[in-house]
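Make the full structure from the sequences, and use the hints.
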Amino acid sequence: MNENSESRAQPRDPHAGSESLPEALQADLAALWADPATDGGGEQERLLRRQLRAELAKRCGARRRFAWARGGLVAASLLAAISVGLYFMPGSNLAPNAKPAAGPDQILADASLSPGQNVSSPLDRDGNGRVDIRDAYVLARSLRSADQGENLSVDLSADLNKNSSADLNGDGKVDRLDVELIAKAAVKLDDVEQGK
Amino acid sequence: MMARLHFTLALIAFFAVAPELTVADSMGTTAAVSRAAARPEFRSYGLYLDTHDAGLGAWQVEVVDLAAKSRLVGIEGGEHRAFAQPAFYDPKALQGARIVLAAFAPDDELPRGKTRVATLHLRVDADAPPEFKLRLIAAVDALGNDIDAELEIRQES
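Going line by line, the protein sequences match chains A and B. With numbering that gives the first Met the number 0, the residue at position 187 of the first sequence is 186, and numbering never jumps. With numbering that gives the first Met the number 0, the residue at position 127 of the second sequence is 126, and numbering never jumps.
Among the hints, a few may not be true.
Simulated pairs of lysine to aspartate or glutamate, EDC-like, Cα-Cα distance not exceeding 16 Å [stated by the list, open to error]:
{"#": "1", "chain 1": "B", "residue 1": "91", "chain 2": "A", "residue 2": "189"}
{"#": "2", "chain 1": "B", "residue 1": "132", "chain 2": "B", "residue 2": "151"}
{"#": "3", "chain 1": "B", "residue 1": "113", "chain 2": "B", "residue 2": "40"}
{"#": "4", "chain 1": "B", "residue 1": "132", "chain 2": "B", "residue 2": "78"}
{"#": "5", "chain 1": "A", "residue 1": "183", "chain 2": "B", "residue 2": "61"}
{"#": "6", "chain 1": "B", "residue 1": "113", "chain 2": "B", "residue 2": "78"}
{"#": "7", "chain 1": "B", "residue 1": "113", "chain 2": "B", "residue 2": "49"}
{"#": "8", "chain 1": "A", "residue 1": "187", "chain 2": "B", "residue 2": "61"}
{"#": "9", "chain 1": "B", "residue 1": "113", "chain 2": "B", "residue 2": "149"}
The set of hints was computed from the structure by calculation and includes no laboratory data.
Rendered as structure tokens:
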């Protein structure tokens, strides 16, 4: 009975009955199950933590360097695209054989077109085949002479009497607005001409 | 986060100074691509018509800047009362190097001899002043008949 009680009170040794294990394994097991407070396990833990921190820092550093490299690559691509765009941009004088936006030759070519030219237009009051300031002036003089009751010129006064086509804006009367319409048509620049 | 901020700031700084950079052109020389290289100035040019003894009832002129470096910023009327109002022109001319100007006298009092019919206000590059090419489209007397006229443009200020 006593023997039984004593045997029950004994702490259970994990190594009990391990006499048959090899010595190396026993040493390892002893180190593994050793009390940290007595055999320097705290030191091992600190060492482990230090190694862990060092490893983490190394990996983060690599990731940061990779981010910088990636950013640099994007910036270089962006600059290359912008440079190419500027080089070949219309109007850029950098590209070989670049055509100026509005060089003298082109402007002269444009200038050879008569502004406001429009054969058989109702704006062509004098019937010379093009619309210019003469047409506006002819109509303005006609209006003025009509207002003053004068008859400066048969041709001029006839312009108002003989046809209602002098009402160019269609507002039911021939007045200064119609004259301005012709003048504006005379100086009008073609979109294509001016844009070249 | 800070790295991204630094990168963005560096990119902004680069583009801020990029126009001042020098780039190589096709001739192997260098051309400064710089906004600061152009020296803008505002100049006025008087447009003159000399009709000798004839009275000028209406006129129409085409002005082309062959240098194509200037920009029209305004048109002013002439010195004679008959053409004191600014001439007609297409506002599109403000975007190009070519303009057609025209005006007619509103009454019978017409200028004779040499008279300034308009003033052109231009913003020009001081290093590349405008080279004008003028074309007289029409110059007519009181009855709308063509008259001989000499055309001239000269810098006023």
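Q) Is it true that the CA of residue 132 of chain B sits at most 16 Å from the CA of residue 151 of chain B? A) 10 Å, holds
Holds or violated: residue 113 of chain B to residue 49 of chain B, with C-alpha atoms at most 16 Å apart:
4 Å, holds
Worksheet item: Under the criterion that the straight-line Cα-Cα distance not exceed 16 Å, is the pair residue 113 of chain B, residue 78 of chain B satisfied?
Response: 10 Å, holds
For a C-alpha distance cap of 16 Å, please report whether residue 187 of chain A and residue 61 of chain B respect it. Measuring from Cα to Cα gives roughly 11 Å; hence the hint holds.
Taken at face value, is the distance from the CA of residue 40 of chain B to the CA of residue 113 of chain B at most 16 Å? Given pair residue 113 of chain B, residue 40 of chain B is violated - Cα atoms ~28 Å apart, limit 16 Å.
Checking one constraint from the list: CA of residue 91 of chain B to CA of residue 189 of chain A, max 16 Å. Satisfied?
Distance ~9 Å between residue 91 of chain B and residue 189 of chain A Cα, so the pair holds.
Is it true that the CA of residue 183 of chain A sits at most 16 Å from the CA of residue 61 of chain B? Satisfied, since the Cα-Cα distance of roughly 14 Å is no more than 16 Å.
Item checked: Satisfaction of hint between residue 78 of chain B and residue 132 of chain B, Cα-Cα up to 16 Å -> 22 Å, violated
Worksheet entry | Pair hint outcome, residue 113 of chain B versus residue 149 of chain B [Cα-Cα no greater than 16 Å] | Roughly 9 Å between the alpha carbons, so the hint for residue 113 of chain B and residue 149 of chain B holds.
The structure shown violates the earlier hints numbered 3 and 4.
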